[in-house]
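Trainee: Each chain, letter by letter, is given below.
Number of protein chains: 2
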Amino acid sequence: MIKRWLVGDPLKTSQAAGQRLSKTLALAIFSSNNISSVAYATEEILLVLVLAGTAALTLSIPISLAILFLVFVLTISYRQIIYEYPEGGGAYAVAKTNLGEFPALIAAGALIISYIVTVAVSVAAGIAALTSAIPSLFVHREALGLVAIIFMIIMNLRGIRESGKFFSIPTYFAIGVLSLLVAVGVIGSLYKLTPVPPAMPIGAPVEGPESLTFFLVLRAFAVGCSAVTGMEVISNGVKTFRYPESKNAATTILWMSVILGSLFIGISWMAYYHGIVPKADETVVSQLAHLTFGTGVLYYAVQIGTMLLLILAANSAFAGFPQLASILARDGFMPHQMTTFGDRLVFSNGIIILGFFAGLLLVIFKGDTHALIPLYAIGVFVSFTLSQSGMVKRWFEKKGSHWRKKFCVNGVGAVTTGIATIIIASTKFTEGAWIVFFLVTILIMMFRGIRSHYKAVAEQISLDRRGNRPPLPRKNVVVIPISGINQAVIRAVDYARSRPGEIRAVYVDLDPEESAKVKIQWAQWGGGINLIALPSPYRSVVGSFLAYIEELLKNEPDIWVTVVIPEILPAHWWQNILHNQRALMLKGALLFKERVILMDVPFHLTR
Amino acid sequence: MIKRWLVGDPLKTSQAAGQRLSKTLALAIFSSNNISSVAYATEEILLVLVLAGTAALTLSIPISLAILFLVFVLTISYRQIIYEYPEGGGAYAVAKTNLGEFPALIAAGALIISYIVTVAVSVAAGIAALTSAIPSLFVHREALGLVAIIFMIIMNLRGIRESGKFFSIPTYFAIGVLSLLVAVGVIGSLYKLTPVPPAMPIGAPVEGPESLTFFLVLRAFAVGCSAVTGMEVISNGVKTFRYPESKNAATTILWMSVILGSLFIGISWMAYYHGIVPKADETVVSQLAHLTFGTGVLYYAVQIGTMLLLILAANSAFAGFPQLASILARDGFMPHQMTTFGDRLVFSNGIIILGFFAGLLLVIFKGDTHALIPLYAIGVFVSFTLSQSGMVKRWFEKKGSHWRKKFCVNGVGAVTTGIATIIIASTKFTEGAWIVFFLVTILIMMFRGIRSHYKAVAEQISLDRRGNRPPLPRKNVVVIPISGINQAVIRAVDYARSRPGEIRAVYVDLDPEESAKVKIQWAQWGGGINLIALPSPYRSVVGSFLAYIEELLKNEPDIWVTVVIPEILPAHWWQNILHNQRALMLKGALLFKERVILMDVPFHLTR
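As they're listed, the protein sequences go chains R and C.
Its first residue numbered 1, the first sequence is counted upward by one per residue in the numbering used here.
Its first residue numbered 1, the second sequence is counted upward by one per residue in the numbering used here.
Just so you know, the hints here were simulated from the structure itself, not pulled from any lab data.
A few of these clues could be false.
A pair holds if it fits inside one copy or across any two, identical chains being indistinguishable in the list.
[To be verified] Pairs of lysine-lysine, DSS-like flavour, derived with a Cα cap of 27 Å: (1) 399 to 587; (2) 455 to 517; (3) 393 to 23; (4) 239 to 517; (5) 587 to 12; (6) 455 to 366; (7) 165 to 23; (8) 393 to 247; (9) 593 to 475; (10) 398 to 12; (11) 239 to 23; (12) 554 to 12; (13) 519 to 12; (14) 519 to 366; (15) 247 to 398; (16) 455 to 519; (17) 12 to 517; (18) 192 to 455; (19) 192 to 23; (20) 554 to 593.
Generate the whole structure from the sequences, applying the supplied hints.
Mentor: Here's what the structure looks like:
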């Protein structure tokens with residue numbers, strides 16, 4: 001079967017432990033989203049600062065250091081969260097147990113939006129890199145994006161281990177070449193090993209269109225904060241690690257932060273050292289790679305690595321979203337189907353839903369998802385702030401060993417991410433950050449609507465406490481709709497006759513000649529069962545029959561009606577189009593009537 | 001309901017007589033296809049003749065006279081057919097009763113192809129006229145074409161009378177302005193009332209790329225034969241006329257022929273008289289309208305009338321195809337659904353199917369259906385020849401009053417249309433006429449495949465001649481799949497317990513903790529019914545349950561299994577997405593198993 005070929009053979013529940021991730025694999029899966037931001041974070045800072053002239057670019061160093069501090073704080077904070085919440089869940093779980101339902105749903109909504117946007121933006125970025133290399137593919141960018149998303153869905157449905165293995169090669173390649181760039185660049189510059197080419201003469205400072213205000217510096221910080229997005233992913237996926245889960249996850253987040261921090265500060269320092277000015281047609285990383293490696297193989301390795309890393313950022317979302325959705329579904333805030341653990345021990349429905357909505361975004365924005373980037377950072381920072389605040393409250397109430405130290409760490413985390421959230425929201429509000437507030441509101445309404453539906457269902461189907469069984473209607477009337485007399489009908493009649501109850505066969509009279517024939521045959525074959533001929537002025541067999549059933553239910557309020565449908569089933573499925581779809585229409589219409597029990601008596605054709 | 005708004009309230013069977021068509025309405029519906037050909041028939045003849053130079057254009061007069069003769073012969077022939085076959089059916093019915101099944105199916109296949117092509121070509125021609133007036137709509141031509149087809153489907157589903165009334169206004173408008181053009185043009189020229197403008201000086205004859213061979217003349221005749229297409233439509237729709245059907249239909253075909261003949265010969269004569277040479281950027285009719293009416297309102301009236309007529313030609317096919325399809329279905333050659341007489345006393349499925357395939361053609365050919373025109377003429381002429389030949393055989397065998405005269409008329413018809421068919425096929429073979437032979441072969445195979453399927457079904461479900469009832473399996477086992485214990489389950493259990501037979505409840509064990517709870521609850525509520533817990537190493541509830549049923553059927557070859565499904569039905573249909581689709585998947589999978597009876601016990605939620 002095609003599904004088996006795409007997704008692989010099903011795995012047993014007992015194989016779950018074998019699907020757990022080693023630290024190396026987990027780092028590849030969870031870090032791509034986070035580390036990929038080094039490809040653009042420094043550039044985003046410089047792009048804001050340059051508005052105040054090239055002289056302002058030197059401010060990139062203190063801003064980068066501030067962001068590095070944020071990385072440091074978040075790392076320690078999230079390590080504490082990982083140990084406290086080995087079940088995973090990140091911001092939602094932390095906010096729910098410590099701050100209450102409403103903040104938890106805000107965190108969940110914000111995270112869901114950023115996961116979906118991550119996939120759309122990463123895929124669009126990857127496709128943009130491809131189409132700038134091969135311009136003839138540009139007209140197909142939407143289709144290519146959808147193919148990439150479908151590929152990611154399939155790889156992730158194959159199981160987290162398998163997708164991790166597959167995607168770890170490009171991830172480590174990218175980390176490798178970027179580390180080489182930073183190492184060669186920084187060491188070479190410090191020891192003057194590489195000649196600084198004269199391409200960047202530090203001439204007279206160029207004036208910018210804006211003046212260097214404090215607000216501009218804040219804006220630069222806000223855009224630079226995109227560097228820390230993705231730090232939360234590991235905390236959502238603790239359960240996917242091998243035993244001891246928390247310890248391994250904590251180690252992995254430390255590795256990830258060290259890599260992120262050194263690459264980010266290294267690139268920012270190099271840009272400062274070489275006096276890089278952001279250009280419209282070349283990225284900062286590309287400029288640095290040119291300066292460090294010239295135009296050789298290594299330059300292209302950096303470019304390809306960056307592109308791969310940007311695409312793979314989507315994969316972190318495929319690891320995080322299904323976990324979050326399943327936790328929400330367990331709490332009744334998402335459809336139960338999200339908890340279905342698929343063939344390959346992943347939450348298949350979550351993977352498919354994430355891919356679907358990311359694809360929808362890609363199609364709506366026609367492959368140009370740059371406008372979505374603000375949505376993404378704000379969602380992440382809202383969840384950061386809520387999870388840190390939740391931990392602050394937790395330590396204060398729970399106390400425990402070293403609680404004051406932990407309280408301080410998460411407190412500093414809450415305050416810094418809170419400030420960052422306010423800065424991002426206020427500087428980016430008109431650029432689209434308001435959409436996040438709007439969407440989160442919609443999502444919270446949806447979460448609550450779903451839960452109230454499930455609650456209403458649970459109440460309605462719950463058993464009587466005193467142990468009373470709900471009474472069944474007094475009497476059962478069996479109705480057999482027939483359109484002629486044949487073996488299938490006889491089989492249904494005989495089956496119905498083998499049980500107690502009043503039986504009626506019902507025939508819709510379309511043609512007097514045909515009706516007379518049916519009546520004669522019924523006398524021979526009907527087994528004494530009453531045959532009722534229904535008039536049908538509008539020639540609708542299904543309509544006349546439904547009207548009869550409705551009449552019956554109305555006139556006798558305490559009966560059940562069991563409709564026995566003699567169904568002829570062709571030997572091959574495609575032969576179905578040659579048969580009237582009346583049985584199907586009848587079943588569809590009767591399913592939603594109360595006190596009607598449907599019964600299919602099949603007659604299988606063999607050719 | 002939206003359907004009622006689009007299509008109108010249902011009509012009673014007893015209202016059928018009131019839906020019959022007057023001659024005026026019938027002429028509008030059935031003639032548009034036929035008369036619309038005057039818009040291009042003369043031009044097609046001239047386009048072939050001009051290949052041999054402008055001097056050859058004078059041959060258009062004898063060729064047009066030959067075609068006029070064809071119109072004359074076909075009119076008398078079809079009037080005879082209409083009186084002989086008041087039930088309608090045209091070529092298929094005539095060929096079937098006189099020539100046998102195979103020729104009849106050839107006629108049916110050829111007619112079906114030409115109906116579908118008529119719709120696609122007419123709509124494409126109309127849209128082309130529109131987009132040449134408003135070029136910005138060109139990129140939307142496929143969508144516009146589909147909208148036009150959907151509009152025609154809806155209008156025709158409203159009933160033949162209503163669509164006839166609606167479309168008769170533009171049809172009569174078009175016939176009116178074209179008649180005015182011919183009358184003013186011919187009378188004016190003969191009596192020199194209108195000045196012949198000097199636009200057309202008869203200069204030295206221009207040489208053409210080909211020489212004037214007999215084959216070229218035949219080609220000109222072949223393309224001119226497109227003028228008579230559509231003559232068969234009335235013979236297919238005799239039953240839609242008011243009483244006396246045959247007489248009214250015969251009168252209508254006479255009117256149609258008179259209009260067609262005079263317009264066609266008039267236009268040909270005017271083109272000859274004015275020495276019109278076909279141009280790439282202006283149609284012959286447009287040139288004649290310019291010469292006759294200048295550039296005033298009447299000129300535009302002719303242009304708009306021609307365009308409307310071309311689009312409305314599609315409507316004749318919507319009147320003819322459903323009739324033919326229903327006759328084929330009654331004989332078992334098409335799916336039975338084609339005989340369904342819809343709400344508005346039309347064969348709704350035929351209308352929809354025709355629209356669907358015409359839309360498909362339009363999309364496949366991207367709105368440029370010019371290549372399809374040869375397909376269309378050949379289909380029509382094949383059916384002409386077969387129906388005339390059938391009548392020849394009929395008169396010879398049946399004799400009757402004046403049979404020799406009738407024999408001769410149809411004989412001349414058979415010979416002339418036969419020759420025309422051969423000419424069209426041989427001159428157009430490489431241009432696409434071969435596709436018709438290919439498609440007709442496919443259709444015949446389909447017709448026969450459908451009939452043999454229906455025959456096989458009829459044999460399999462037919463009753464035993466000796467009156468023996470087919471034996472029922474000996475024993476009935478009732479299986480209730482449950483996923484927990486709630487009111488819906490209890491109701492299903494109680495319903496099952498109210499009838500005799502062995503009952504088992506089956507539960508798929510996914511989680512040991514949950515299972516233990518279910519077992520305890522079952523002890524209280526299960527009513528003594530055995531609860532079987534199924535292991536599910538791959539976590540597939542539906543899969544495990546199906547495996548259990550299959551095992552049961554295999555181990556006990558003489559039992560029935562009645563699967564009682566406790567089904568929770570939400571109060572609103574959209575709430576269905578919040579519930580596991582297990583019941584639906586289960587029903588889908590079990591429907592195709594032999595000896596399994598499905599039973600839905602519904603539990604309706606109220607909120």
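Trainee: Please name the hints from earlier in the document that this structure breaks, with their numbers sorted from lowest to highest.
Mentor: Those not satisfied are hints 1, 3, 6, 10, 14, 18 and 19.
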